[in-house]
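Note that the sequence shown covers residues -13 to 310 in this note's numbering.
Some clues are possibly wrong.
[Stated by the list, open to error] Here are the computed distance ranges between Cβ atoms for each label pair:
hint, residue 1, residue 2, range
1, Gly68, Glu267, 46 to 54 Å
2, Pro181, Arg56, 47 to 55 Å
3, Leu239, Val309, 27 to 35 Å
4, Glu273, Gly66, 18 to 26 Å
It is worth saying that the hints were derived from the structure and are not from the lab. The beta carbon of each residue, even a glycine, is placed where N, CA and C say it ideally should be.
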Amino acid sequence: MKAMLARAWGEPSTLEYAEAPTPRPNAGEVIIEVRAIGCNFPDILIVQGKYQHRPELPFSPGCEVAGIVRGVGTGVTQVGLGERVFATMAWGGYAEVVAVDQRHVYALPDFMTFEEGAVFALAYQTAWCGLVHRAVLRRGETLLVHAAAGGTGLAAIQLGRALGARIIATAGSSVKLEVARANGADVCIDYRSEPWVERVRRETRGAGADVVFDPVGGDVFDGSTSCIAFEGRLLVIGFAGGRIAEAATNRVLLKNFSVLGVHWGLYRQRDAAMVRRWMVELLRLAEARQVKPVIWRSFRLAQAADALTSIAARESYGKVVLVP
């Protein structure tokens, strides 16, 4: 089979389109003939050797796929041969065939394409973990979403809307702001052209945002602590901005707000059954058309470097897909 291989730590441009061994199923594993692959910012970090996990070289990046079941190991009961499925994995998704533990494989509903299935799990599970499980977002509250036109940001907007929140979105271009607005944002702020902290305060009549969804970190985290509400919840999703912020605990004390980590991958490892229950709820929302992945562009698998470069350069919005 063909796969994109990282043979050394480096930029996405160093990935090689090459032959790799076709996996065989171990006990409890599902073999998936991949039809679509979701690209994510952590794929860039793992290739650079900067992610939480450093796989043994060579390896393929990629943590979400969709396709058809072509083989099962002993003890597999979740899915059967020939089924359309989508799945999450720690890495290894940039390949024509993958082996995945059945605990992380889900039936792909008829109303979803392979491309939609391949980009559904990570973004919407992260949004659910943050907004529902960690922050307990309530109807009528104000949700501030940073990097709002990214795949995870749009998932947070759509889910926040479904939960009955008022959504304030920040992004860095008029095109991205329009995408955020089209997906349910009530207020859209271009952080490049106006002081977004002051705008959030005005839009909330000085009260601040009840929940902040922050995949950026750095200066964005710092600013969020200045416009969060009393007893607000600041969700640390990631550090796309590059700098890992340090909380000013005097602000935490003065406003009684909470800083909450959202490392969804740990829930995937520690409690796959709970994550599956979250997926049931998310798929109900998807069937009701309350959440729906936004796909910016599809690339061929061999063009994975171009796909990741578009994400790193902030050219894309929504999700980027690879197709073997």
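Hint check:
Separated by about 27 Å at the C-beta atoms, Gly68 and Glu267 break the suggested range of 46 to 54 Å. The hint said 47 to 55 Å for the Cβ distance between Pro181 and Arg56, and at roughly 54 Å that hint holds. One distance hint, 27 to 35 Å for the beta-carbon pair Leu239 and Val309, is violated here, with the actual separation near 50 Å. About 21 Å separates the C-beta atoms of Glu273 and Gly66, a value consistent with the hinted range of 18 to 26 Å.
In this structure, the hints that do not hold are numbers 1 and 3, in rising order.
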